[in-house]
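Undergrad: Sequence:
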Amino acid sequence: MRILEIVSGVTACGATVHTLQIAAELHRRGNAITLMGKPGAWVLKQARARGVHTLESRMKRLPLRDLLGAARFVREQEIEVLLAHMSGANNFAVWLSRLAKVPAVLRAHAHTIHFHWRMAHHIIAVSEQTRRYHITHNLVPPSRISTVHGFVDPARLVVPDKGVRHAVRAELGLSPLDFVVGVIGNILPRKGQIYLVRALPQVVARYPQVHVLLVGVTHPLRYGEQIRREAERLGVSQHLLWLGERKDVPRLLQAIDLYALPTLNDMLPMALLEAMWAQRPILATHAGGIPEAITDGVEGWLVRPRDPDALARAMIEIIENPDERTRRAQNAHQRVLESFSVQTQVAKIEAILQQVAEQFRR
Numbered sequence: 002m003r004i005l006e007i008v009s010g011v012t013a014c015g016a017t018v019h020t021l022q023i024a025a026e027l028h029r030r031g032n033a034i035t036l037m038g039k040p041g042a043w044v045l046k047q048a049r050a051r052g053v054h055t056l057e058s059r060m061k062r063l064p065l066r067d068l069l070g071a072a073r074f075v076r077e078q079e080i081e082v083l084l085a086h087m088s089g090a091n092n093f094a095v096w097l098s099r100l101a102k103v104p105a106v107l108r109a110h111a112h113t114i115h116f117h118w119r120m121a122h123h124i125i126a127v128s129e130q131t132r133r134y135h136i137t138h139n140l141v142p143p144s145r146i147s148t149v150h151g152f153v154d155p156a157r158l159v160v161p162d163k164g165v166r167h168a169v170r171a172e173l174g175l176s177p178l179d180f181v182v183g184v185i186g187n188i189l190p191r192k193g194q195i196y197l198v199r200a201l202p203q204v205v206a207r208y209p210q211v212h213v214l215l216v217g218v219t220h221p222l223r224y225g226e227q228i229r230r231e232a233e234r235l236g237v238s239q240h241l242l243w244l245g246e247r248k249d250v251p252r253l254l255q256a257i258d259l260y261a262l263p264t265l266n267d268m269l270p271m272a273l274l275e276a277m278w279a280q281r282p283i284l285a286t287h288a289g290g291i292p293e294a295i296t297d298g299v300e301g302w303l304v305r306p307r308d309p310d311a312l313a314r315a316m317i318e319i320i321e322n323p324d325e326r327t328r329r330a331q332n333a334h335q336r337v338l339e340s341f342s343v344q345t346q347v348a349k350i351e352a353i354l355q356q357v358a359e360q361f362r363r
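In the working numbering, the protein residues as written are 2 to 363.
Please note that the accuracy of each hint is not assured.
To be verified - FRET-style restraints, in silico, Cβ to Cβ:
id	residue 1	residue 2	range
1	338	63	45 to 51 angstroms
2	220	168	51 to 57 angstroms
3	234	340	40 to 46 angstroms
Read the hints as simulated data drawn from the structure, not as lab findings.
Note that the Cβ used here is the ideal one computed from N, Cα and C, for glycine as well.
The whole structure should be built from the sequences, with the hints applied where relevant.
TA: Here is the structure:
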């Protein structure tokens, strides 16, 4: 199948990493895949290194130069279907679809209200909750939206260095006896990091060896300042380590004792699936698409969003029950292997693209 995959993100993030993994797997499966991105985008450099053909475009609708150039490429290469990720690419893809007379499939990574969802020939949601959102709020016909959950690529997560746990802790000034909580993902208000900070006083009063790693880009900056002020007010600033954006998340996962996701709403974060694969115990909220991967009491601990007391109780239970931590972490690892591998999920995406292309030709 001849596919043009389009992504508008410039830096590395969950959506662009997934885009890259989809392109690489579609290429491995024998498809003629071209990945379109913005000039200098991280994903294009990575794709070229994996043998995937790439194409640069600013993806501006006006003036028409970018759309006309892309339409010419689609016709010359006899592209059968478009697959787009992220708002800018989704918008560009639906107009390109009309101009070049080729079907557009959009992957829904977020809950947004846009006209392009209704213009798509099909939508692939990353969770059932996301699918329901677009049916309800964007009035997408149920027959035109499918769910294919996110996935992990084990090759990206393998850390061959057996001493990495102690090495990373030494780099961060942490001891082997510290209990380290990793909060991995961009620091945004909807991710709820401030509620975990509010849970800390109860936890460190009993277990002062607890430290929290905050990993990711802070946006807006005032939210980071709010967290810092709250931590200082509560007397737990010394228990927070702000690491910013990191390129070595697989190493960090090996150094933590607990992965925490205190989010208010989320689709199905890639960082969560990666932590499950790495057999890290999971503490998350019963929000968004998370319960589609984690069952409370089986693969991890789920609590209500915006509830510092519930987070504190769960953290204390987790610290005090190492055998239960291990059991649930092993269950989470098995769940990822069975349901969230890159091979199985991309095969589902490929089948949808094939079906959409065939229906369009009729």
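Undergrad: Confirm or reject each hint.
TA: Results of checking the hints against the structure:
One distance hint, 45 to 51 angstroms for the beta-carbon pair residue 338 and residue 63, holds here, with the actual separation near 47 angstroms. As the Cβ distance of residue 220 to residue 168 is approximately 30 angstroms, the hint placing it in 51 to 57 angstroms is violated. Judged by the Cβ atoms, the range 40 to 46 angstroms given for residue 234 and residue 340 holds: they are separated by roughly 42 angstroms.
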